[in-house]
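Each chain is listed here by its residues.
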Amino acid sequence: NAGVTQTPKFRVLKTGQSMTLLCAQDMNHEYMYWYRQDPGMGLRLIHYSVGEGTTAKGEVPDGYNVSRLKKQNFLLGLESAAPSQTSVYFCASSPNRGGGELFFGEGSRLTVL
Amino acid sequence: AQKITQTQPGMFVQEKEAVTLDCTYDTSDPSYGLFWYKQPSSGEMIFLIYQGSYDQQNATEGRYSLNFQKARKSANLVISASQLGDSAMYFCAMREGRTGGFKTIFGAGTRLFVKA
Chain A
1 NAGVTQTPKF
11 RVLKTGQSMT
21 LLCAQDMNHE
31 YMYWYRQDPG
41 MGLRLIHYSV
51 GEGTTAKGEV
61 PDGYNVSRLK
71 KQNFLLGLES
81 AAPSQTSVYF
91 CASSPNRGGG
101 ELFFGEGSRL
111 TVL
Chain B
1 AQKITQTQPG
11 MFVQEKEAVT
21 LDCTYDTSDP
31 SYGLFWYKQP
41 SSGEMIFLIY
51 QGSYDQQNAT
61 EGRYSLNFQK
71 ARKSANLVIS
81 ASQLGDSAMY
91 FCAMREGRTG
101 GFKTIFGAGT
111 RLFVKA
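In the order they appear, the protein sequences are chains A and B.
Quick note on numbering: the first sequence equals residues 1 to 113 in my numbering.
Quick note on numbering: the second sequence equals residues 1 to 116 in my numbering.
These are calculated hints, taken from the structure and not from any lab test.
Check each hint, because a few of them may be wrong.
Straight line, CA to CA, 30 Å or less: simulated DSSO-like cross-link-like pairs of lysine-lysine [as the list claims (entries may be wrong)]:
1. B/Lys103 with A/Lys9
2. B/Lys3 with A/Lys71
3. B/Lys73 with A/Lys57
4. A/Lys57 with B/Lys103
5. B/Lys103 with A/Lys71
6. A/Lys57 with B/Lys70
7. A/Lys70 with B/Lys103
8. A/Lys57 with B/Lys3
A short, non-exhaustive set of chain A residues, derived as facing chain B with CB atoms under 8 Å [what the hints assert, rightly or not]:
9. Tyr33
10. Gly42
11. Leu45
12. Val50
13. Ala56
14. Glu59
15. Phe90
16. Glu106
17. Gly107
All values derive from a computational prediction rather than experimental measurement.
Ideal Cβ placement from N, Cα and C applies to all residues, glycine included.
Whenever a hint applies, use it, and build me the whole structure from the sequences.
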């Protein structure tokens, strides 16, 4: 069972470079989320999607873009990486019902120098 | 604005004792769900328990129970008979309904230390 898969798991970028994080889920979930986790700040919602072709801003969307062209994939893009974007990024998905828990990927550790 | 507050950055509990981790939330959406997750040092997120805003009874899952006080907007996690393996970060989360766009946000977390 693959569940939620994030690629890459680790990445080092230089300031100004761009990159895309890919999240793939095989559970046919409607909802997908991108979070960043920083020490002492818990998980903060970057962007999320409630269905194929839809995206919405979360708590900390600046500097990130997302796309959900296929139901199973949710891409997170950094157009011009900054050191403040050094973090661990988690993708999650859930079914579209009230009690639908989030299923998380293993996380992607991004360092921006 | 949607908000989750966990006021205890760290907690200590003796093995086999019970412990309560606090969580308060703020929402104007009448329909919402509350979740607790555990994150051990290995980093994965583990779902523990769920409470719906319209549920009349407190949720329970094994040694975990959720003390839901709707009027006070609190959703505290109670862990009974603590075990050494319970040492981890614990996060409270809330998903609003249609009014809130179905987004799910998390609190800052509480680190639990279980002492032998």
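Evaluation of the provided hints:
1. B/Lys103 with A/Lys9: Measuring from Cα to Cα gives roughly 25 Å; hence the hint holds.
2. B/Lys3 with A/Lys71: holds (28 Å)
3. B/Lys73 with A/Lys57: Distance ~25 Å between B/Lys73 and A/Lys57 Cα, so the pair holds.
4. A/Lys57 with B/Lys103: Cα-Cα ~9 Å, so holds.
5. B/Lys103 with A/Lys71: It holds: about 17 Å lies between the C-alpha atoms, which stays within 30 Å.
6. A/Lys57 with B/Lys70: Judged against 30 Å, a Cα distance of about 28 Å means the pair holds.
7. A/Lys70 with B/Lys103: holds (19 Å)
8. A/Lys57 with B/Lys3: holds (15 Å)
9. Tyr33: With Cβ-Cβ at 6 Å, under 8 Å, it holds.
10. Gly42: This hint holds: A/Gly42 lies near chain B, its Cβ roughly 4 Å from the closest one there, short of 8 Å.
11. Leu45: Nearest chain B Cβ about 5 Å off; hint holds.
12. Val50: holds (5 Å)
13. Ala56: holds (6 Å)
14. Glu59: A/Glu59 check passes; min Cβ-Cβ to chain B is 6 Å, inside 8 Å.
15. Phe90: holds (7 Å)
16. Glu106: holds (6 Å)
17. Gly107: holds (6 Å)
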